[in-house]
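Novice: Sequence:
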Amino acid sequence: MSRYDDIIHLPHHVSKTRKPMPLINRAAQFAPFAALTGHDEAIAEAARKIRDAYLSNQKCDEYERTITLEDGPNICALF
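For the sequence shown, numbering that gives the first Met the number 0 gives the first residue as 0, with consecutive numbering after it.
Hints listed in this document are in silico derivations from the structure and should not be mistaken for laboratory results. One thing to keep in mind: the hints can contain errors.
So the derived label-pair ranges between C-beta atoms look like this [to be verified]: (1) F29 with L77: 40 to 50 Å; (2) S14 with K48: 50 to 60 Å; (3) Y62 with A41: 45 to 55 Å; (4) P10 with K48: 54 to 64 Å.
Cβ atoms here follow ideal geometry from the backbone N, Cα and C, with glycine treated the same way.
Use the sequences and the hints to build the structure in full.
Specialist: This is the structure we're talking about:
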């Protein structure tokens with residue numbers, strides 16, 4: 000016998016004095032809930048690191064000269 004066998008088949012309670020809450024309002028109750036606390040900050044930090052990782056044109060040219068193979072096939076590096 001289950002703990003809820005005595006109530007499982009009872010009709011759902013409907014208030015006689017209050018109207019049901021609209022679904023949009025029910026959903027709004029949970030809007031402040033942040034399941035991933037700190038997620039926005041982590042995204043912003045990752046974006047900052049990517050912005051800081053861009054190279055100057057001078058540095059790109061230097062790297063391109065470094066990886067140029069004189070006796071091998073030509074390569075093209077896009078930054």
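Novice: Would you list, in rising numerical order, the hints stated earlier that this structure does not obey?
Specialist: Of the numbered hints given earlier, the structure breaks just one, which is hint 3.
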